Amino acid sequence: MRDNLDIIAETGFQFFGKMTASITHEIKNVLAIINENAGLLEDITLMADRGKPVEPQRLKTLAQAVIKQISRADTIVKNLNRFAHSADESLKSVDLNDILELVVVLSNRLAAMRGIELEPKLQETPVKIKTSPFLLMNLIWLFLDFAMDATGDRRIVELTIQQAGSGAQMRFRGLQGLAQAPLDTFPAERERNLLNMLGAELVVDIKKDEFAVKLAADIDKDEQT
Amino acid sequence: MKIRVLLVDDEEEFVRTLSDRLTLRDYDITASLSGDDAIEKIKQYNYDVVILDVAMPGIGGIDALREIKKIKPLTEVIMLTGHGTVETAIEGMKLGAFDFLMKPCNMEDLDTKIKKAQARKAEHEERIRAAKVSDIISSPRSVLEDD
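Going line by line, the protein sequences match chains A and B. Position 138 (the first sequence) corresponds to 138 in the numbering used here; numbering is contiguous. Position 121 (the second sequence) corresponds to 121 in the numbering used here; numbering is contiguous.
Next up, chain A with everything else stripped away, as it sits in the complex (with noise of 0.2 Å):
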């Protein structure tokens, strides 16, 4: 039988790579719109030398096609950042506000592909647990995945977060199609290891059509075995 710190090594892994593969193939896209402006502008140009007039406007307008891509890009990359840097340090205290919207933000092109929305529903107020900021969010990301496929015809996934007791408390919301999912293995290996390494536990209402992971406030002293 495998060690669990295996399983949970290998699960970071496939989750490294799910979304860095997601994000630059987004990154990609940006570049191919950045590469046909300037190929058109390019076009222009030689037709400029041909005696047809460049009309000011046409290069504004890809001027600003170019700016908004380069912005786009840079967003990507700063989230690209934000998410190799949640391997920093294996304990730290987290808003849970800016896990879950990273986590959105990294997954929303995934969801896409598979027609879902994501919605999430964040606290104006800061909701924060110590916690190994990778592992959480490798955790949410399989829970994602799994709510995903779970949303019947509505196609949506909303997500809350708020406090509860000394703890928080994240939830998986309005999905249609929970009583169908196959919940006799979810969580699965891989899922049970994360939350038990993150000293949380899973609550699957499926006459709310949701389900909840509850979080400790702290896993150094809550951590659950």
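I should point out that these hints are in silico values taken from the structure, not numbers from a laboratory. Among these hints, one or two may not hold up.
What the hints assert, rightly or not - Cross-link-like lysine-lysine pairs, in silico, DSS-like; alpha carbons within 27 Å at most:
1) B:Lys2 x A:Lys52
2) A:Lys208 x A:Lys92
3) A:Lys121 x A:Lys208
4) A:Lys28 x B:Lys72
5) B:Lys115 x A:Lys28
6) B:Lys94 x A:Lys18
7) A:Lys130 x A:Lys28
8) B:Lys43 x B:Lys115
9) B:Lys69 x B:Lys116
10) A:Lys130 x A:Lys214
11) B:Lys94 x A:Lys28
12) B:Lys41 x B:Lys70
13) B:Lys94 x B:Lys116
14) B:Lys121 x B:Lys132
15) B:Lys115 x B:Lys72
Stated by the list, open to error - Derived, one-sided and incomplete: chain A residues facing chain B with beta-carbon distance under 10 Å:
16) Val30
17) Ile33
18) Ala65
19) Arg109
20) Ala112
21) Met113
22) Leu118
23) Lys121
The model shown is predicted, which means the values in this text are computed figures rather than measured ones. Ideal Cβ placement from N, Cα and C applies to all residues, glycine included.
For this one, chain A is given, so just place chain B on it according to the hints.
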């Protein structure tokens, strides 16, 4: 007659700019932002070549390719791919795609591939036409009975 091209990609800005560039090269371009929309357009109109993004929300490039080949088998498809989806593009070749191109595209490559794809379609159409003519000449009665 201009080569009729359907350009399918969910990145609106990419579709708009590439459409402009291909129009400048004298292609007759129709743009589509999803696989579903592309399939509807292919049912209604005849295109010579479809440029199809592999990774799109909803119906993906591979499923769209299958549908296109079912609806209009002679229409040639060039798959567009990012680096992470080359294997999918190769799968597309096995399913009958004419060729594939990596994003960001090189315009000369794309231009050449579109022309080659259109030439292959024209060649297939010509062969079918010739076979029909040959049928009529060798057995005019059977053709009349068919009608």
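So, going through the hints one by one against the coordinates:
1. B:Lys2 x A:Lys52: Status holds; Cα separation ~22 Å.
2. A:Lys208 x A:Lys92: violated, 32 Å
3. A:Lys121 x A:Lys208: Measuring from Cα to Cα gives roughly 17 Å; hence the hint holds.
4. A:Lys28 x B:Lys72: With Cα atoms ~30 Å apart, A:Lys28 and B:Lys72 exceed 27 Å; violated.
5. B:Lys115 x A:Lys28: holds, 25 Å
6. B:Lys94 x A:Lys18: Holds. B:Lys94 to A:Lys18 sits at ~26 Å (cutoff 27 Å).
7. A:Lys130 x A:Lys28: Since the Cα atoms of A:Lys130 and A:Lys28 sit roughly 36 Å apart, the hinted pair is violated (cutoff 27 Å).
8. B:Lys43 x B:Lys115: holds, 22 Å
9. B:Lys69 x B:Lys116: Holds. B:Lys69 to B:Lys116 sits at ~18 Å (cutoff 27 Å).
10. A:Lys130 x A:Lys214: holds, 13 Å
11. B:Lys94 x A:Lys28: Given pair B:Lys94, A:Lys28 holds - Cα atoms ~25 Å apart, limit 27 Å.
12. B:Lys41 x B:Lys70: holds, 14 Å
13. B:Lys94 x B:Lys116: Cα-Cα ~18 Å, so holds.
14. B:Lys121 x B:Lys132: With a Cα-Cα distance of about 17 Å, the restraint between B:Lys121 and B:Lys132 holds, given a limit of 27 Å.
15. B:Lys115 x B:Lys72: Holds, at about 18 Å.
16. Val30: holds, 9 Å
17. Ile33: Since the shortest Cβ distance to chain B is 5 Å, the answer is holds.
18. Ala65: Because about 6 Å separates A:Ala65 from the closest Cβ in chain B, which is inside the 10 Å limit, the hint holds.
19. Arg109: holds, 9 Å
20. Ala112: At 4 Å from the nearest chain B Cβ, A:Ala112 passes the 10 Å test, so the hint holds.
21. Met113: It holds, given that the least Cβ distance between A:Met113 and chain B is near 5 Å, below 10 Å.
22. Leu118: violated, 13 Å
23. Lys121: Check failed: Cβ of A:Lys121 comes no nearer than 23 Å to chain B, outside 10 Å.
Going through the hint list in order, the structure does not satisfy hints 2, 4, 7, 22, 23.
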